[in-house]
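Chemist: Listed here are the chains, written in short residue letters.
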Amino acid sequence: MKGLKEVISEHAFFADLPDGDRAIIAGCAQMASYKAGEFLFQSGREAEHFFLLRHGKIALELQAPGQEPYRFETVGEGEVIGWSWLFEPHKWQFDARAIDDTSVVKFDGKCLRGKCDNDPRLGYDIMKRFARVLVQRYADTRLQLIDVYGKQGG
Amino acid sequence: MLPEAWIVRENLRETEDVVTLVLEPGGSAAPTAFAPGQFNMLYAFGAGEVPISMSGDPGDPTKLVHTIRDVGPVTAALCRLQPGELVGVRGPFGSHWPVADQQGRDIVIAAGGIGLAPLRPVVHHVLRHRGDYDDVVLLYGARRPSELLFTGEFESWRQSDIQVVVTVDHAPADWTEHVGVVTTLIRHGKFETEQASAFLCGPEVMMRFTAAELESKGVSPDKTWISMERNMKCAVGFCGHCQLGTEFICMDGPVFTWPRMRNLITVREL
Numbered sequence: 001m002k003g004l005k006e007v008i009s010e011h012a013f014f015a016d017l018p019d020g021d022r023a024i025i026a027g028c029a030q031m032a033s034y035k036a037g038e039f040l041f042q043s044g045r046e047a048e049h050f051f052l053l054r055h056g057k058i059a060l061e062l063q064a065p066g067q068e069p070y071r072f073e074t075v076g077e078g079e080v081i082g083w084s085w086l087f088e089p090h091k092w093q094f095d096a097r098a099i100d101d102t103s104v105v106k107f108d109g110k111c112l113r114g115k116c117d118n119d120p121r122l123g124y125d126i127m128k129r130f131a132r133v134l135v136q137r138y139a140d141t142r143l144q145l146i147d148v149y150g151k152q153g154g
Numbered sequence: 001m002l003p004e005a006w007i008v009r010e011n012l013r014e015t016e017d018v019v020t021l022v023l024e025p026g027g028s029a030a031p032t033a034f035a036p037g038q039f040n041m042l043y044a045f046g047a048g049e050v051p052i053s054m055s056g057d058p059g060d061p062t063k064l065v066h067t068i069r070d071v072g073p074v075t076a077a078l079c080r081l082q083p084g085e086l087v088g089v090r091g092p093f094g095s096h097w098p099v100a101d102q103q104g105r106d107i108v109i110a111a112g113g114i115g116l117a118p119l120r121p122v123v124h125h126v127l128r129h130r131g132d133y134d135d136v137v138l139l140y141g142a143r144r145p146s147e148l149l150f151t152g153e154f155e156s157w158r159q160s161d162i163q164v165v166v167t168v169d170h171a172p173a174d175w176t177e178h179v180g181v182v183t184t185l186i187r188h189g190k191f192e193t194e195q196a197s198a199f200l201c202g203p204e205v206m207m208r209f210t211a212a213e214l215e216s217k218g219v220s221p222d223k224t225w226i227s228m229e230r231n232m233k234c235a236v237g238f239c240g241h242c243q244l245g246t247e248f249i250c251m252d253g254p255v256f257t258w259p260r261m262r263n264l265i266t267v268r269e270l
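Line by line, the protein sequences give chains A and B. Position 62, counted from 1, in the first sequence is what this note's numbering calls 62; the numbers after and before it change by one each time, with no gaps. Position 195, counted from 1, in the second sequence is what this note's numbering calls 195; the numbers after and before it change by one each time, with no gaps.
In short, the hints are calculated from the structure, not lab data. Only a predicted model underlies this, so the values are computations on that prediction, with no experimental measurement involved. Here a beta-carbon is modelled for each residue, glycine too, at the ideal position from N, C-alpha and C. One thing to keep in mind: the hints can contain errors.
Dumping the calculated DSS-like pairs for lysine-lysine here, alpha-carbon to alpha-carbon at most 27 angstroms [to be verified]:
(1) Lys190/B <-> Lys5/A
(2) Lys5/A <-> Lys35/A
(3) Lys128/A <-> Lys91/A
(4) Lys190/B <-> Lys2/A
(5) Lys2/A <-> Lys35/A
(6) Lys217/B <-> Lys190/B
(7) Lys91/A <-> Lys2/A
(8) Lys106/A <-> Lys190/B
(9) Lys128/A <-> Lys63/B
(10) Lys63/B <-> Lys5/A
(11) Lys128/A <-> Lys35/A
(12) Lys106/A <-> Lys128/A
(13) Lys110/A <-> Lys35/A
(14) Lys110/A <-> Lys128/A
(15) Lys35/A <-> Lys217/B
(16) Lys115/A <-> Lys5/A
(17) Lys115/A <-> Lys2/A
(18) Lys128/A <-> Lys115/A
Where chain B lies over chain A, by a calculated footprint (3+ residues, C-beta under 8 angstroms) [as the list claims (entries may be wrong)]:
(19) 74-87
(20) 141-149
The following block holds chain B by itself, in its conformation from the complex (with noise of 0.2 angstroms):
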């Protein structure tokens, strides 16, 4: 599968590490819906191929939506992509948040860090279906408050009923919303427990705890999901790099149920 170019509209910086590159179809390319969750292989081109969540609104499909933590000589030079320069794209790929599934269900999103780009669609997703559902709360973490993410659109979210509630690890003096880690936040969303759907993204660890935390406040396991990250690289299940026991990450997931994944990822050989 060979990568279509992209052209690079915005490059919109979110935090110091963290850019948003928005993308229309150049060339051959043509516009691709996908769901809330899937990802795309970005090659930056020159540098290297990594794969990349959606970050946008899987309803407006005309333009792709990213956002890149630079974290090595890929991600870094994807960051560093300005308007107009072209940047290859292979996708979607992988398995998707079945968020339109959860109609009549409270929705909770739980992401850490640049776990809240692959859950923005499913924000995105709720906005456009607001009646369908319930009580909607996003618990987000972060290290910092300067580390948080898309916190320019928070209000109007909270103006369309969804509670967002924020904490951070370490914070200054002004800062008045939460400290501390993510899994405490449960505790302060508005939601039924048993007619709950999780949607969980960022670090393993995090996901690990949080979705311990929901299981013991009633929230079932079986409607609970996680987004995994492992080293993809062709991202149809062929080269094995993403496998984790029995699961190829890029094919089967990268969503999950949290049963799927709750014995596979304590294990210290994967």
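With the rest of the complex left out, here is chain A (with noise of 0.2 angstroms):
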């Protein structure tokens, strides 16, 4: 069975982490899996996590009164999940589910925020990876919303 280490260092997210860096975000970490149908968190709840995918897949929603909840988004094998853990209030604004069988590395934020504040070299790390994909997510989102399908005449 793997080690947690070992496990971070093969998830994409972290994979170029010089190891001092990751065995001081492995004390935060910790494996969990969730049935497909649970959810890994929920709006307006505490965000305390964030969640590398190791297997398994993940659905970004947002709910409304009355209706369906809209999915928005999924996110797969080797995607990291979760930034509201970085901001204040530090609450999430989406609800995320499983769809398939899911395993992870959950991330205690309010730990690692601790370690980031006490080596910033290391949250600046920590904070830039987060922009990357939050840069992707910002690009993916456009491209979602001006209907690439929708007709042209002919």
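Hey, can you piece these two chains together into the complex? The hints should help.
Modeler: Listed below in structure tokens is the structure:
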């Protein structure tokens, strides 16, 4: 069975993190798994974690009273989910629900924030990694919004 | 070049606004070989003529298969054709996907919406010659699940060792595949970027971003092809309707290497 540090090193999000830093963040991590249909987090609740997906698929959803959940994005193997732990007020804005049986590395955000505050170099590294993900998701959302598959005349 | 009469044998409803016509030769028309990516001019009598890509098996030239989206008067007339009715056919025209030249390489097929239709002949070719290629992955995106084409064939493609990865922009809660733009699928397909050849078809914006994403992952631009669509009339390079810069889409294309198109498709005036 693989240890946490090895699992973290194999994940694309932290693959190039220096060994020392990996050991530091591993202290805030644990393995976790979710059955299909189970929530990883729900909107409005305390955002205390983020997740590296190892296997399975997670849907991000927006709830509206009296309506089916609006599923706007899925996140899969090798990706990261959750950044509300980084920013105040540390509340989830959306729901995350496992579509398949899913295994993750679950990080304690409060623990990691403390380590980043104590070591700004590590904090900057972590912030850059999340910024890259945010920029990519932002670009993806723009494409989704422009409805590229709409009809053209002919 | 005069159209020849072909007979509609089947009209298959794919989605709310897309049908597939299966045509057989009628009168003097004869079966014609075609290459993946080529197109015919289809003439709906009394309505007009439009370019439509082949969506059938290039290994079976006895029939023509065209998948048509109802986007205007001519395509609407074609979509209404019933078995036994006639359609005028000129072709085949244009360049083709060079899939036969990619032996030993990984194949990435990225399609958006109706763009899977011109790429299905590539899938058929791969199915007939599966041993010639290493990993093969189809990345397919559409607006919503009900707008996905050829879903009934996905399982058999998967059984032939083709990875079929599907995404939609909008999905109901019971959808278990991906949600998001097709570019996000690139990280879910398993292939070696350095030895991949990529074939892209869909809206130009989708192809631009997909080609850029593939390049950023290490796929050579020279090994990336896209299929262009413009207002074609004559299909033989005379009328100039489909001219894009120095290229005639009907004759020089519709399939181009990505470097030939990457600068042209971002020019506002074109």
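Chemist: All hints are to be evaluated individually against the structure, with a verdict given for each.
Modeler: Going down the list of hints, with the structure as the test:
no., hint, result
1, Lys190/B <-> Lys5/A, "holds, 25 angstroms"
2, Lys5/A <-> Lys35/A, "holds, 24 angstroms"
3, Lys128/A <-> Lys91/A, "holds, 21 angstroms"
4, Lys190/B <-> Lys2/A, "holds, 23 angstroms"
5, Lys2/A <-> Lys35/A, "holds, 21 angstroms"
6, Lys217/B <-> Lys190/B, "holds, 12 angstroms"
7, Lys91/A <-> Lys2/A, "violated, 32 angstroms"
8, Lys106/A <-> Lys190/B, "holds, 25 angstroms"
9, Lys128/A <-> Lys63/B, "violated, 56 angstroms"
10, Lys63/B <-> Lys5/A, "violated, 58 angstroms"
11, Lys128/A <-> Lys35/A, "violated, 31 angstroms"
12, Lys106/A <-> Lys128/A, "holds, 19 angstroms"
13, Lys110/A <-> Lys35/A, "holds, 25 angstroms"
14, Lys110/A <-> Lys128/A, "holds, 18 angstroms"
15, Lys35/A <-> Lys217/B, "violated, 32 angstroms"
16, Lys115/A <-> Lys5/A, "holds, 17 angstroms"
17, Lys115/A <-> Lys2/A, "holds, 24 angstroms"
18, Lys128/A <-> Lys115/A, "holds, 16 angstroms"
19, 74-87, "holds (count 5)"
20, 141-149, "holds (count 6)"
The earlier numbered hints that this structure contradicts are 7, 9, 10, 11, 15.
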